[in-house]
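Novice: The residues making up each chain are set out below.
2 protein chains.
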Amino acid sequence: MERRAMETLSENRSFGGCQGVYRHTSEATGTEMTFGLYQPPQAEFGKVPVLWFLSGLTCTHENAMTKAGAQAFAARHGIAVVFPDTSPRGEGVADDESFDMGQGAGFYVDATEGPWAEHFQMRTYVAEELPRLVVDRFPIEKNRQSITGHSMGGHGALTLAMTLEDRFASVSAFAPMAHTTQSEWGQRQLAAYLGDDPAAHAKADATLLMRDVGFNGPVLVDQGTQDQFLDKLKPEALAEAIASKRQQGTFRMQPGYDHSYFFVSSFIADHMAFHAEALLP
Amino acid sequence: MERRAMETLSENRSFGGCQGVYRHTSEATGTEMTFGLYQPPQAEFGKVPVLWFLSGLTCTHENAMTKAGAQAFAARHGIAVVFPDTSPRGEGVADDESFDMGQGAGFYVDATEGPWAEHFQMRTYVAEELPRLVVDRFPIEKNRQSITGHSMGGHGALTLAMTLEDRFASVSAFAPMAHTTQSEWGQRQLAAYLGDDPAAHAKADATLLMRDVGFNGPVLVDQGTQDQFLDKLKPEALAEAIASKRQQGTFRMQPGYDHSYFFVSSFIADHMAFHAEALLP
Numbered sequence: 001m002e003r004r005a006m007e008t009l010s011e012n013r014s015f016g017g018c019q020g021v022y023r024h025t026s027e028a029t030g031t032e033m034t035f036g037l038y039q040p041p042q043a044e045f046g047k048v049p050v051l052w053f054l055s056g057l058t059c060t061h062e063n064a065m066t067k068a069g070a071q072a073f074a075a076r077h078g079i080a081v082v083f084p085d086t087s088p089r090g091e092g093v094a095d096d097e098s099f100d101m102g103q104g105a106g107f108y109v110d111a112t113e114g115p116w117a118e119h120f121q122m123r124t125y126v127a128e129e130l131p132r133l134v135v136d137r138f139p140i141e142k143n144r145q146s147i148t149g150h151s152m153g154g155h156g157a158l159t160l161a162m163t164l165e166d167r168f169a170s171v172s173a174f175a176p177m178a179h180t181t182q183s184e185w186g187q188r189q190l191a192a193y194l195g196d197d198p199a200a201h202a203k204a205d206a207t208l209l210m211r212d213v214g215f216n217g218p219v220l221v222d223q224g225t226q227d228q229f230l231d232k233l234k235p236e237a238l239a240e241a242i243a244s245k246r247q248q249g250t251f252r253m254q255p256g257y258d259h260s261y262f263f264v265s266s267f268i269a270d271h272m273a274f275h276a277e278a279l280l281p
Numbered sequence: 001m002e003r004r005a006m007e008t009l010s011e012n013r014s015f016g017g018c019q020g021v022y023r024h025t026s027e028a029t030g031t032e033m034t035f036g037l038y039q040p041p042q043a044e045f046g047k048v049p050v051l052w053f054l055s056g057l058t059c060t061h062e063n064a065m066t067k068a069g070a071q072a073f074a075a076r077h078g079i080a081v082v083f084p085d086t087s088p089r090g091e092g093v094a095d096d097e098s099f100d101m102g103q104g105a106g107f108y109v110d111a112t113e114g115p116w117a118e119h120f121q122m123r124t125y126v127a128e129e130l131p132r133l134v135v136d137r138f139p140i141e142k143n144r145q146s147i148t149g150h151s152m153g154g155h156g157a158l159t160l161a162m163t164l165e166d167r168f169a170s171v172s173a174f175a176p177m178a179h180t181t182q183s184e185w186g187q188r189q190l191a192a193y194l195g196d197d198p199a200a201h202a203k204a205d206a207t208l209l210m211r212d213v214g215f216n217g218p219v220l221v222d223q224g225t226q227d228q229f230l231d232k233l234k235p236e237a238l239a240e241a242i243a244s245k246r247q248q249g250t251f252r253m254q255p256g257y258d259h260s261y262f263f264v265s266s267f268i269a270d271h272m273a274f275h276a277e278a279l280l281p
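Protein chains in written order, with the working numbering: chain A, 1 to 281; chain B, 1 to 281.
Take the hints with a grain of salt, since some may be wrong.
Identical chains share a label here; the pair holds if one copy fits it or two copies do between them.
Each computed DSS-like pair below joins lysine-lysine, with the alpha-carbon atoms no more than 30 Å apart [said to hold, decoys possible]:
{"id": "1", "residue 1": "47", "residue 2": "67"}
{"id": "2", "residue 1": "245", "residue 2": "67"}
{"id": "3", "residue 1": "203", "residue 2": "245"}
{"id": "4", "residue 1": "232", "residue 2": "67"}
{"id": "5", "residue 1": "232", "residue 2": "47"}
{"id": "6", "residue 1": "142", "residue 2": "47"}
Simulated from the structure, these hints should not be mistaken for lab results.
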């Protein structure tokens with residue numbers, strides 16, 4: 001197999017480990033893609049487990065990497081963290097005028113409809129291509145992976161976890177888009193990316209997946225009570241589904257918190273400890 | 001005394017407390033100024049001590065507020081943190097084409113020379129006007145203050161601490177500009193802002209102040225060994241001065257770290273604990 005080129009854009013020492021930013025040409029999206037990867041100090045001595053952090057609307061690989069505060073706990077627990085971008089980008093890539101569709105808003109699905117299908121293959125990118133790349137190039141254990149995300153990234157984390165059987169040991173989410181088929185954040189985008197096949201939409205809806213298949217492992221969800229997007233996120237649907245499914249999981253409403261990274265960073269320690277418990281012997 | 005107007009730009013819940021951003025018209029600078037203030041949960045029940053975090057070149061109030069990770073430890077210790085801007089800003093405010101002079105580069109001095117003197121009164125703003133404002137408007141104890149900063153802000157923290165007798169219980173710095181009168185980061189700016197009076201320059205040089213007066217309390221300085229600006233920061237001069245002065249203090253060279261916020265966030269826990277020990281009974 002040909003080793004594809006990967007470029008190091010930056011590497012900064014962080015909590016005794018290394019916060020890197022890398023760029024490569026993606027087969028899945030047909031564009032250059034940039035991602036962040038934090039390697040904890042333990043990675044110097046052998047392979048480490050990995051946590052995927054999927055970000056929300058308008059974010060690049062950079063927002064969570066600089067604002068979520070994950071590195072302190074990744075270093076403490078000895079877990080690598082990958083921060084993928086949220087969509088393909090560039091001049092030749094389809095886009096939309098609104099901030100919640102097109103570039104910066106890939107919704108972690110493989111688009112089947114024009115003009116999106118050409119580059120918007122974010123599910124394949126995040127679920128297949130990027131895992132192969134990071135396992136190949138970095139000291140990361142292929143068989144110890146967990147996933148989390150914020151907002152659209154919470155939707156991505158939950159839907160990937162429930163559709164990639166036995167891939168992830170645990171899944172968590174911060175203020176996830178919880179019920180995309182019943183929300184302004186989902187209906188329009190899924191129709192554009194996936195057409196009108198209800199089965200395709202259902203595989204991109206965390207609540208429907210929870211009702212249907214659930215997750216083979218522990219689930220943690222945090223949601224702020226003062227989130228300005230509660231009507232679009234629909235946490236109540238997911239909370240109900242977790243309970244109805246008898247899913248092993250914890251759903252927390254956090255008083256006073258909004259949708260920002262100040263909310264994410266306030267609870268990142270809990271999420272990192274939750275994943276560490278699932279990932280470490 | 002007339003209560004001057006202050007506008008709330010945002011307030012986000014963070015680690016059980018409140019990360020606010022506020023704007024007011026400054027008498028010192030003659031411009032609108034924006035600052036961040038984190039109030040820990042303990043501020044709901046009474047006055048709390050305060051730590052000043054002064055930022056570096058090109059930063060606004062926002063960089064450290066979102067990237068340094070101070071809030072977790074401010075909440076743990078019950079300490080408020082103020083994040084001032086680094087200069088006056090706006091269309092009518094003098095500026096320079098380079099990133100290290102003019103807007104975003106106030107150097108925490110009161111300019112005496114044209115065209116800077118009109119608005120660049122950052123020492124008075126940070127040392128006098130903003131403390132009065134935050135003590136007046138928030139539950140902050142006037143007599144329990146400490147100060148820290150990064151790069152140009154480390155220079156600000158150290159020089160303010162050594163020239164405002166008994167104001168601060170402790171001072172720390174991340175990769176401070178340590179010897180401005182002997183550096184590209186200092187000579188040109190101090191000449192522009194302060195003219196050619198050697199006494200004025202000396203009061204804006206942490207190493208000269210350490211040799212001359214020192215600090216009446218503990219000092220903590222962290223410096224990365226891979227900092228890309230070591231030749232401009234001149235940490236060796238300050239380290240020598242601390243030892244020669246027999247100053248109570250700790251100077252740490254941190255292997256592998258550079259000048260970024262990944263360095264700052266890696267050691268913010270130590271700095272917050274250091275200040276907490278000085279500020280809390």
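Novice: What are the numbers of the hints that this structure violates, sorted from low to high?
Specialist: As far as the earlier hints go, 2, 5 are violated by this structure, in ascending order.
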